[in-house]
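**Student:** Use these hints to put chain B onto chain A, whose structure you have.
Residue numbers (the numbering used here), protein chains in the order written: chain A, 1 to 344; chain B, 1001 to 1301.
Check the hints yourself; a few may be wrong.
With the C-beta cut set under 10 Å, the calculated list includes, among others, these residues of chain B facing chain A [stated by the list, open to error]:
hint	residue
1	1158
2	1203
3	1220
Covered by chain B, according to a simulated footprint, are these stretches of chain A (three or more residues, beta-carbon under 8 Å) [stated by the list, open to error]:
hint	stretch
4	69-75
5	98-109
Derived by calculation from the structure, the hints in this document are not laboratory data. Glycine included, C-beta positions come from ideal geometry on N, C-alpha and C.
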Amino acid sequence: MPEAAVRIRDLRKTFGAVEAVAGVDLDIGDGEFFSMLGPSGSGKTTVLRLIAGFERPTAGTVELGGVDVTGLAPFDRDVNTVFQDYALFPHLDVLRNVEYGLKVRRVPRAARRERAVEALRSVRLDGLERRRPGELSGGQRQRVALARALVNEPRVLLLDEPLGALDLKLREEMQVELKSIQRRAGITFVFVTHDQEEALTLSDRVAVLDRGRVQQVGTPAEVYERPATGFVAGFVGTSNRVGDVCVRPEKLHVEIGDDLPGPPGGGRHALGTVAEVVYAGAVTRFVIDLDSGDRVVALQQNLRTSSTDVTRQRGARVRVGWEAAHEFRVPSDAVPASPAAPAS
Amino acid sequence: MDDDQGLTAGRRPALRRRAAALLHRRPRLRLSLLLSAPLAWLVAGYLGALAAIFVTAFWTTDVFTGEVVRQFTLANFQTLVDEPVYRTVALRSLGVAAAVTVIDAVVGVPMALYMAKVAKPRHRPYLVIAILAPLWAAYLVKAYAWRVMLAEGGLVNEALKPFGLSGPGYGLTATVIVLAYLWLPYMILPVYTGLERLPDSLLDASGDLGARPLRTLRSVVLPLAFPALVAGSIFTFSLSLGDYITVKIVGGRRQLLGNVVYDNIGAANNLPFAAAVATIPVVVMLGYLAAARRTGALREL
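Bound conformation, chain A alone (with noise of 0.2 Å):
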C-alpha cells in the first residue's frame, strides 16, 4: 500500500465507564473509499470523531498523511466531515455555508465565490446559491454538506452516516453520486455506516466493528465471502450453520419435491422441510428446516416462479444444494445462533 492517509494505532477512547473504542488499528490508503460498518454502539463514530478531532482520545494516535496530529484540534487538521445531521448554517444562505471554510481560511473574495459556485455545480445544485438550508429537501441538504466539505479540498473526506436521513430511492441515487465525486476528486473517503449493502456496494474496503474493535478488514467479497469471525458472518448478511461450516443463503439451491433423484455430482446437499416462505418480489426467502436439525434461509431469485407457486410450498420438502467452494467457516465460539423467523 501506498502511503497511508489515514493511520490509527492502539486507538482508545472512554466515556466515563463505557469503553467506546477499545484498540483499533487502521491504516487507510490514498484515494481509498473506505468504509467502517458495525452497528450502533461499535464505536465507528467515535473512530471518525476521533480522526477529525472532535474527541481526544485516551490512548493511541491518530497519523494523517504520515504526521501525527493526535494532539491537534479539528481547525489544525486537513479532513473535513460530513455529518449526520447535516449540521447546516442555517442562518447563512447555500453559497455562504459552502464558502465558510474559504472564508475562515482567508480565501479571496473572488476566488472563494467562483470555487463555491463550482463546487455546487459539481453537486448539481447550481440555481440555489441564495436558498436558506431551512428551504431545501433533505437530498439537496445532504449535497450542500458535500459541497461545503469538498470545496476545501481536504486530504481525507469523513462523512458520518451521510445517507441515514434520506429515503430508499433517494439514498440509491447519492451512493452512485458519491461513488463518481469520490473517484473524480480523488480524495479518500472514509464512510461510516450501519449498512452493510452500502459498505459492500461503495467501499474499497471495509472495517467491521463491534463493541470498540475492529472485527475483519477487508475488499467487500472478502469480508462477505471469507468473514473472520461470527460477528462479521451475522452481521454482512446473514449466514447459515450447516453442520460445521457455513453457507450464504443466496448460494443455496432449492429443490423442491417429494421423490428427488440423487444429487448431482461435486455438490453438497441436504434434505429438510419448507418451514416458512416469503414472497418479496425480486426473490422469494424459504426458512428450510433440515432433518440434520440446522435451520438455514435460501434465497431464490424468482426468474419462472409467481408469488401464487411459491406461498404454496410451505411444508413442501425439498432438497437445498450449494458448491462446496462456498462453504466458509468461523470460529465456534461466535458463529451466529440459527436464522428465526424471517425478518419482514
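**Tutor:** Leaving out everything else, chain B in the frame of chain A:
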C-alpha cells in the same frame, strides 16, 4: 348499599358523558368555558389598568384641594416636554437601562454558553437552579445587601483598598451595578435556552471547516443566539426602566423615572402627572418590542 352505589354509578357517568358529548360537539362553548375566567382577568387587570393610566394622564389636579379634575388636558405632557429636568431624568433612565442590558449581556452570554455547551449535561439542572436561586430571595434584601457592601467602610471599599482604589459609593454607578446584578438571571435563562437548542454539530462543523473557537463564537454562536439575547434584553431593559427601589437604596440623590412617578403619587399627590410620566417607559417599551420583533426574538420568549 350495593343498590344505591349501582344507581349513582350508573347515572352520574351518563350525565357526564352527555356533558362531554355536548362539549365535543360545540367547540366554541368548550373554548368559552376554558377562557372566560382568564380573559376577564386579563381585560380587567392588565388592559384596564393600562387604560386607566393612559386616561388619567390627560386629567389634572386642583391646585387647592388636590382632587383629581376629570377634564381632558395636555398640560401634564406639556410640563414633561417643557421642564428640562424631566428630559434629563428620562434620558438618564434610558441610559441606565441600556447600561444594565449591555452589562448583563456581556456577563450573561459566557455564563449561558458555559451552561449550555461546556458543562456536563447532568450538571446543567443544578446550574440552572443556581442561576434561579437569587430570584427566590426578596428583592429588598438583595438591594440592602448591596447598600451595605457599597457603604463607606463596606466590603467593596475594603476589597479595593489594597489596590489604591475605592468603590463607586452611592449614585448612578451603584444603581447600574445593582440593577445589573438583580436582572442577570433574566438575561442568562433565555440565552441559555437558545444556546441549548443549538445543535452541537454546528459547533463541530465550524471547527471542522477551520474556524477557531472565537471565530465560531462570532460567526455561528452569536448570530444564532441573537434572538435569545434580544429576548433577554427585553427583561433587563424594561425592568431597569421601571425600577425606583434600588435607586432609592443605592442611588444617592440621582432619580430615575420610577422615582418621579412614585413621588408624584405619594408626596406630591399628583396622580395625573404620575400617570403621564409612567406612559414614557410604556411607549419606550412598545418601541423596543416592535424593534425586537424584527429579530425574531419574541418567538424566543
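**Student:** For every hint, state whether the structure bears it out.
**Tutor:** Verification of the hints:
no. : hint   : result
1   : 1158   : 43 Å, violated
2   : 1203   : 9 Å, holds
3   : 1220   : 6 Å, holds
4   : 69-75  : holds (count 3)
5   : 98-109 : holds (count 4)
Going through the hint list in order, the structure does not satisfy hint 1, though it satisfies all others.
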